[in-house]
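Going down the list, the protein sequences come from chains A and B.
Residue numbers for the first sequence follow this note's numbering, beginning at 1 and rising by one.
Residue numbers for the second sequence follow this note's numbering, beginning at 1 and rising by one.
Think of the hints as simulated: they come from the structure by calculation, not from any bench.
Just some of the chain B residues that point at chain A, by a computed CB distance under 7 Å:
1) T153
2) D168
3) L191
4) I239
Covered stretches of chain A, going by a simulated chain B footprint (3 or more residues, C-beta under 8 Å):
5) 53-59
6) 89-99
7) 110-118
8) 321-329
Output of the computed footprint for chain A on chain B, the stretches with three or more beta carbons under 8 Å from beta carbons of chain A:
9) 199-210
10) 245-259
Cβ coordinates follow ideal geometry from the N, Cα and C atoms, glycine included.
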Amino acid sequence: MDKNKIIIYDVSLRDGSHAISHQLSIEQISKYAKAAEKAKLYAIEVGHGNGLGASSLLVGKSKLSDEIMLKTAKENLVNTKLGTHVIPGFATINNNINRAIDIGVDIFRVASHSTEADTTQRHISYIRDKGKEVYGLLMSAHMTNADILLEEAIKMQAYGAEAIVILDSAGSMLPHDVKKRVELLSKNLKVPVGFHGHNNLGLAVSNSIVALDSGAKILDASIKGFGAGAGNTQLEVLVGLLTKYNYETSIDLYGVLNLASLADKLLLKEAITISSLSIVSGLSKVFSGFSKHIQRISIKYDVDPRDVFFELGRQKVIAGQEDKIIDVAIKLSKAKGK
Amino acid sequence: MQKLKVCILGTGNIGTDLLIKTLRSKYIECTLFAGRNLNSKGMSKALSLGIQLSDKGIKAIIENPDCCDLVFDATSASSHFEHAPILKKLGKIAIDMTPAKIGSFSIPSVNIDDSIKHKNLNMITCGGQASIPMAYAISQVVNNIKYIEVVSTISSKSAGPGTRINIDEYIETTQKALAEFSKCENVKTILNLNPALPSIDMHTTIYVQTDTPDMEAVKKSVDLMLEKIREYVPEYDIIVGPEYDNRIIVLTARVRGMGDYLPKYAGNLDIINCAAIAVAEEFAKNRNKG
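For reference, chain B alone in the conformation it holds in the complex (with noise of 0.2 Å):
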């Protein structure tokens, strides 16, 4: 079989771990690597790996458009409301891994099915992928809802210095995917970095208000989320709940990372890039079919 040919723009830790898991699949593989300095420590570890590179970034993909079928932008918001009609234009899928939001948004444990319909995905935010799956787990059997709101706490050393400067857009981007995904418009988003050492692994808490929930039923459809999760993120695990006090129904996962180039308490980074790799393989599936 075949595998889907993509290309990854941006040489940080988010596209450099992205490429060290596109090693791993069946479906994809990595035919560029592309940033704008060969001698970033991301292109260095590409060298060693053999990767083709370039330091031209989406320039690379306009000379040689048949070098990639899909792109994974791990550049920044501004970059990729450049990069994103040119891509549409050579007829790429893009995954979009900043919070530019000119994409649907994606989450693969909830919405592959329709994500692979769309040429142009967002992978909204790291604690939007934690948190939101669960609260749409619980938003599919409670009537009612009557509010949401997600706190995560990530390791200070994983919140560089994009995360830091754009800390309003991550509370915005998680805010909205999380009301669309719930279906609830009354939602929260708090963010914590914490700086103890050693690092501590990413925590996500989910509270959901709502009146008589059927704990059955909501245990049942967390407990199935966890399993899709898992799927693509095997260190999930829900480390409280989900319990119902107080009118409130409260679950905490704890996401550690697989440790590819990132470690592993950077779960946050880690479960945004495991999403991005499960739905470029869908994507990947879905054509061998075709």
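The following block holds chain A by itself, in its conformation from the complex (with noise of 0.2 Å):
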């Protein structure tokens, strides 16, 4: 690979669906891939925010099926490849993979927390023997220290990974937390790093070009920051950022600002900005996804949104225990009334 040559990896239409409560129509997918192919982008990816087979009472229930959402997308994609997020506990081979095989989806990113890579195993080897290009995933690494991440990025790169990203899933890493872990894993793996940036606490982009000069290779990003809490690192902005920088992309510059221009009309209800909410997400840790459940609950039970989040940060709850905060609404709840 080229020393400058970087994939960006666009994943507004499955981190942008948290925004959105999951209710991607046909007409987005289709409309932004038809945009995406024009724009050169490498790849994009669609689906529920939490990937294949996640749609559930626990974290929202998508408007259209996982089958839908792929094979609306794909029909409209050429050049740019299709991906889709696959989360162990969630999605199975069998429920799920081998059916976005068939679609002819050609990435799949399969994530674990990030000191649980060994639930990805099966599928990683799996998707790796279909002929498929597979990433692992770590997410919430700034939960976890850089050796303890190394271990298990290395693990996921011996099940088959072509490329371990690792999640500041609630934009809560400082510059050096991410030069510390890109570093350390960009001298040791074999595959290429990825950095995949939140914005709660307004460093997505600079801590996207920090680990770029840390030795990654892939940066997710989304347009208009469309995704969960506070939103992603921002496409448009990232890839006009980087012919600064002397990167290189092969993503036509007026083809993602039309990009944009797109978005704004297509995907988003209300402009991704940091809310109070998202920077209380960013300080307690705790995964942006968490905050629309978060709120809708914390009204239910009248108690400060700001206290729960703090409360489930304190318990160190990971994604995918949306159960808990109803848990914690109602002791905050309890001990106000005392």
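Need the complex rebuilt from these two chains, each delivered in its own frame; the hints are there to steer you.
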């Protein structure tokens, strides 16, 4: 790989699903996919915010099935690859992965919490055996240290992952946290390393640049930041900025700027901003995807959503434990009544 | 009264914890603890307790078929596929702790009377033992259930390599049993592993989507079930609900174990073992009656 050549991986239609409670429509997917193709994006990821098989009462039901979302995207793509997010524990090979392979998904990104890589062994090996591109993703990489993260990344590499992406799922990492982790992984892995930022503390774009300088070859980004909580690394800003750093991405600048204008009308019910609650999510280190659930439940139990976030952070809850929100809200509500 | 003689196959965490539980039982006794390696931690524990040991695995039963009436198979699904026909031929009752799913599903608080009519029982999964009784209790008093979902979170430390590599089987087995017991075809299972230290207790949340349930009846049915479960899992608690909101009944249970061989937070491992012991004891009681 060329030293300055990097991959920008568009997660808008997957992470962005969190921002609209997983209500993506066929029109949104098809129009966005067409424009992404025109902008010469490397890949777009499509689906429920928590990936294949995740439509549930726990994290929210999707408007469309995984199959319809993936098929719709695939029909509108030629050169731009189609990606999907897979979390073992939600998705299984028989129920979900095989169907996605049949539909023609090109890139499978198999994710686990940052310390639980061995739950991905079967899935990564299986997808690799099927001849599909497969990445290993370590979610909430802020919740463990660099050395453990490397051990987990090495496991995924051994299972067959062709790249390892670390996720700052609560947008809580400081630049030096990113540097330390990405540097260590880039030095010790044979496969490329990627970084997935969130903007809770306003650092998503700058942390992504730090990641590049530390050896990352893949950056996740989202159009207009369209993603969970305060959103992701803003795609069109990143692409523009990278031209100043002399990195090559193959993305067409005007194309991606057009994509941003399209997204304004097509995807964003409201602009993605750093809300007060997103700041608290970043500070409490709790996954941004919890925001909407916490807002709703806090109103019901008449508690301060910020208190809920901090208490969940104290309990070190991880993505997938959204059922804990009610428990915490009830306890806070009772404490308040006393 | 003569105790029912049981053999434990597999000397890992599950097998060793089962052994400790048999020591307390008035109805069953462990007459053989068989595995592959006499130096394993479980074997050392059994040795210190004066239990008959063997490193020949199932061969130990084949060579001495009178040693037991019932076998807990705590090996692996692939091993149980080999063991099941052998145990059947020898006329032994098999209680399968693996996800092999050869036998019929057993949950003591739900179908113990039916369970003892079978010769091979499958204990489903830890999440299944924790959630299905409650889903069943709700399904008994609610019509028109559209969908049931169960989400379990267990501590990372309580999930051994077997659980991790078999996470798909966990989901499929739990879903299959959930559908069978609740008579609702539209079901989903989710599993999380949480690495927080100190380790967290097992939690299970059950969501039941339905219109206009009689929540008084639901609460009554859930309370009755809670009593039944506590007969064999004393520290099973309901910490949220049952509540009805947004057309969904939600209930969260916390499962703490007995802290026998495994730590108390590993309620997931404890509940499946407690369930297996409860069924074995029922076989013993029934035999004494007959």
